[in-house]
Amino acid sequence: MDEMVISHDNLKALAEELLKANCSLVVPDKEGVHWKKISHSDELNINSKAKPTKTSYKEFVFSKTEPIFYFKNNHDGVELVDQNPPEEKVIFFGAKPCDANSINIMSKVFNWDYKDDFFNKRATNSIVIGLMCNYVDEFCFCTSVNLSPTSMSGSDLFLIPIDVNNFALRIITPKGEELIKPYMSLLNRGNPEMSAQITEGITAPQNIFEQEAVRDWIGKNFEHKLFEQPGETCLGCGQCAFVCPVCHCFDIVDEECSYSCGRRMKNWDACQFGLFTLHSSGHNPRNDQAKRYRQRVAHKFKYYVDKFDEVLCTGCGRCSRGCPVGIDIGQIAKEIHLLAAN
Amino acid sequence: MNIYKPELMVIKNIVDETNDTRTFKLQFKDEETAKSFSFKAGQFGEYSLFGEGESTFCIASSPTRSGYIECSFKKVGKVTSALTKLDVGDVIGFRGPYGNYFPVEEMKGKNVLFIAGGIGLAPVRCVIWNVLDLRKDFKDVTIVYGARSVDDLVFKNELDEWQRMPDVQTVVTVDPGGQSNDWKGEVGFVPAIVEKVAPRSENTIVIVCGPPIMIKFTIPVLTKLGFAEENIITTLENRMKCGLGKCGRCNVGNVYVCKDGPVFTYQQLKSLPAEF
Numbered sequence: 000m001d002e003m004v005i006s007h008d009n010l011k012a013l014a015e016e017l018l019k020a021n022c023s024l025v026v027p028d029k030e031g032v033h034w035k036k037i038s039h040s041d042e043l044n045i046n047s048k049a050k051p052t053k054t055s056y057k058e059f060v061f062s063k064t065e066p067i068f069y070f071k072n073n074h075d076g077v078e079l080v081d082q083n084p085p086e087e088k089v090i091f092f093g094a095k096p097c098d099a100n101s102i103n104i105m106s107k108v109f110n111w112d113y114k115d116d117f118f119n120k121r122a123t124n125s126i127v128i129g130l131m132c133n134y135v136d137e138f139c140f141c142t143s144v145n146l147s148p149t150s151m152s153g154s155d156l157f158l159i160p161i162d163v164n165n166f167a168l169r170i171i172t173p174k175g176e177e178l179i180k181p182y183m184s185l186l187n188r189g190n191p192e193m194s195a196q197i198t199e200g201i202t203a204p205q206n207i208f209e210q211e212a213v214r215d216w217i218g219k220n221f222e223h224k225l226f227e228q229p230g231e232t233c234l235g236c237g238q239c240a241f242v243c244p245v246c247h248c249f250d251i252v253d254e255e256c257s258y259s260c261g262r263r264m265k266n267w268d269a270c271q272f273g274l275f276t277l278h279s280s281g282h283n284p285r286n287d288q289a290k291r292y293r294q295r296v297a298h299k300f301k302y303y304v305d306k307f308d309e310v311l312c313t314g315c316g317r318c319s320r321g322c323p324v325g326i327d328i329g330q331i332a333k334e335i336h337l338l339a340a341n
Numbered sequence: 000m001n002i003y004k005p006e007l008m009v010i011k012n013i014v015d016e017t018n019d020t021r022t023f024k025l026q027f028k029d030e031e032t033a034k035s036f037s038f039k040a041g042q043f044g045e046y047s048l049f050g051e052g053e054s055t056f057c058i059a060s061s062p063t064r065s066g067y068i069e070c071s072f073k074k075v076g077k078v079t080s081a082l083t084k085l086d087v088g089d090v091i092g093f094r095g096p097y098g099n100y101f102p103v104e105e106m107k108g109k110n111v112l113f114i115a116g117g118i119g120l121a122p123v124r125c126v127i128w129n130v131l132d133l134r135k136d137f138k139d140v141t142i143v144y145g146a147r148s149v150d151d152l153v154f155k156n157e158l159d160e161w162q163r164m165p166d167v168q169t170v171v172t173v174d175p176g177g178q179s180n181d182w183k184g185e186v187g188f189v190p191a192i193v194e195k196v197a198p199r200s201e202n203t204i205v206i207v208c209g210p211p212i213m214i215k216f217t218i219p220v221l222t223k224l225g226f227a228e229e230n231i232i233t234t235l236e237n238r239m240k241c242g243l244g245k246c247g248r249c250n251v252g253n254v255y256v257c258k259d260g261p262v263f264t265y266q267q268l269k270s271l272p273a274e275f
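Just so you know, the protein sequences line up as chains A and B, in that order.
Heads up, the first sequence is in numbering that gives the first Met the number 0, so the first residue is 0 and it goes up one at a time.
Heads up, the second sequence is in numbering that gives the first Met the number 0, so the first residue is 0 and it goes up one at a time.
The hints are simulated quantities; they were obtained by calculation from the structure and are not laboratory data.
Just to be clear, a hint being listed does not mean it is correct.
As the list claims (entries may be wrong) - Some chain A residues flagged as far from chain B (calculated, every beta-carbon gap over 12 Å): (1) LEU43; (2) ASN44; (3) VAL80; (4) ASN145; (5) PRO191; (6) ASN206; (7) ARG263.
Unchecked claim - 20 Å max Cα-Cα, derived PhoX-like pairs, lysine-lysine: (8) B:LYS215 <-> A:LYS71; (9) B:LYS258 <-> A:LYS306; (10) A:LYS114 <-> B:LYS107; (11) A:LYS114 <-> A:LYS36.
The beta carbon of each residue, even a glycine, is placed where N, CA and C say it ideally should be.
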């Protein structure tokens with residue numbers, strides 16, 4: 000494995016060069032709320048001890064809302080005008096493993112048969128500079144979903160803080176290599192043993208459940224009362240889906256721009272909303288919140304695994320940290336694990 | 000390619016089936032698209048009126064009849080209400096065909112029983128014409144159709160046509176109280192009429208579509224008549240947006256109705272979580 004060392008100052012210089020090369024740099028903001036595009040390297044925020052931002056960078060590959068085409072009604076009939084997703088190179092700078100793996104995971108559903116180019120173009124044009132994670136709180140559970148604070152899955156380059164001023168930089172993919180090649184003068188040769196010592200000494204979140212056990216249990220206990228309690232407290236606000244780095248449900252709606260023209264939009268949606276599955280006949284297969292909550296848990300830990308061999312969760316804990324009524328999906332999975340064990 | 004962008008279709012004909020149900024006959028505006036388009040009985044599409052949105056309906060015409068498709072819809076929501084206001088010559092959007100289909104090939108050489116209720120006749124009508132257009136490939140053909148009242152019967156002309164066909168047994172019924180003074184058909188709920196008609200279950204495939212309540216009470220009758228669970232075929236009609244297995248709302252367990260369905264055998268349905 001290629002291992003280099005880059006100083007904090009040179010990381011800033013790298014960011015400056017990438018900005019000059021017309022790349023969009025997307026970084027966690029210093030307030031810890033969301034990921035944003037920056038225009039100056041001073042805004043870079045590479046902090047392995049930082050809590051995950053409240054929202055993920057999902058919106059840069061899977062837009063909150065975007066037009067999928069425009070329509071014009073004129074006297075010859077209807078004309079449809081294509082909307083192509085923007086062609087820009089986006090670099091996610093300093094993504095913890097629980098963010099870095101999100102594009103890989105979502106890529107499965109957007110490509111299993113029909114290919115969603117709105118997602119794919121952005122995914123292809125994105126580069127992930129991962130960052131080892133030095134943060135743990137009671138909501139983190141990446142180690143229970145096949146990730147860890149040092150997991151490099153999804154990263155093209157990976158940073159490991161080795162001292163106050165320096166990062167080990169590992170080149171993970173050809174895409175990462177291509178990105179860093181023109182800037183090799185900013186790097187020094189590193190010592191893999193040194194960074195290995197650091198990654199081995201890291202405090203990882205406790206492994207709180209076995210994914211396979213949870214999956215099997217859900218398959219056998221669809222009607223279990225376990226889902227009743229979260230169903231009773233859940234407000235159905237959908238924040239969990241919106242802050243999640245891998246929730247990908249969406250709605251398709253038309254917006255009129257004027258009397259004669261408009262656009263069709265693809266918007267984020269959430270399985271916790273009562274209208275999500277409501278038929279026009281009035282029938283609703285998920286007609287109460289417990290059923291909707293069960294769908295959320297089962298989709299993440301069973302259905303997605305059955306279909307795509309991938310857990311639809313990175314263990315970032317955002318949904319639980321942000322839940323206004325304190326529903327903690329990690330604890331629910333843990334509870335399932337315990338039920339499965341007994 | 001933009002998988003969400005529809006093709007344009009022109010409304011060639013409109014039939015008012017009931018006071019709130021219409022059938023559109025549609026042709027692609029683009030000739031190349033028209034030439035390359037093909038589908039199988041049971042598949043569905045996303046139909047849209049620009050500015051109002053998309054709705055999911057099955058293709059109600061038979062693949063044996065090329066050059067056009069038909070769809071039937073009931074005026075219940077925003078899109079279907081807006082579609083109702085359209086005239087012949089107007090243009091709508093269409094994406095499809097999506098989903099799986101009825102096993103018409105495997106049905107060849109067998110008896111076929113069709114059971115439909117209300118607007119559930121639309122997806123069944125597609126297979127009925129498919130079978131009737133290839134009549135000699137199939138053995139006995141029986142159709143049992145019911146609606147709430149005489150006014151709620153759809154495809155009335157075709158019901159008459161099927162009843163006149165010597166090699167098709169067609170039984171039409173209306174719910175008790177739904178008959179008119181000159182009604183000559185049966186009076187009774189679909190499950191009871193199926194029991195009365197008592198079709199042979201041996202070497203027979205049954206396709207049953209209609210309101211959930213009708214299906215719920217028809218299945219025990221079919222089981223009693225000796226139909227195997229894998230020979231009872233129906234469709235699920237979950238709410239959909241993309242039709243492409245992505246938007247996340249039509250799933251029943253790990254099955255996406257838009258991709259793995261809408262056609263399922265009763266045996267398959269029984270293996271799914273009860274959430275549909």
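Evaluated hints:
1. LEU43: holds (34 Å)
2. ASN44: Its Cβ never comes within 12 Å of chain B, the nearest being 32 Å, so this holds.
3. VAL80: violated (10 Å)
4. ASN145: Non-interface label on A:ASN145 holds, nearest chain B Cβ at 19 Å vs cutoff 12 Å.
5. PRO191: holds (41 Å)
6. ASN206: Non-interface label stands for A:ASN206: nearest chain B Cβ at 25 Å, farther than 12 Å.
7. ARG263: violated (7 Å)
8. B:LYS215 <-> A:LYS71: violated (45 Å)
9. B:LYS258 <-> A:LYS306: At roughly 12 Å apart (the allowed maximum being 20 Å), A:LYS306 and B:LYS258 satisfy the hint.
10. A:LYS114 <-> B:LYS107: violated (35 Å)
11. A:LYS114 <-> A:LYS36: Given that 20 Å is the threshold and the Cα spacing comes to 27 Å, the pair is violated.
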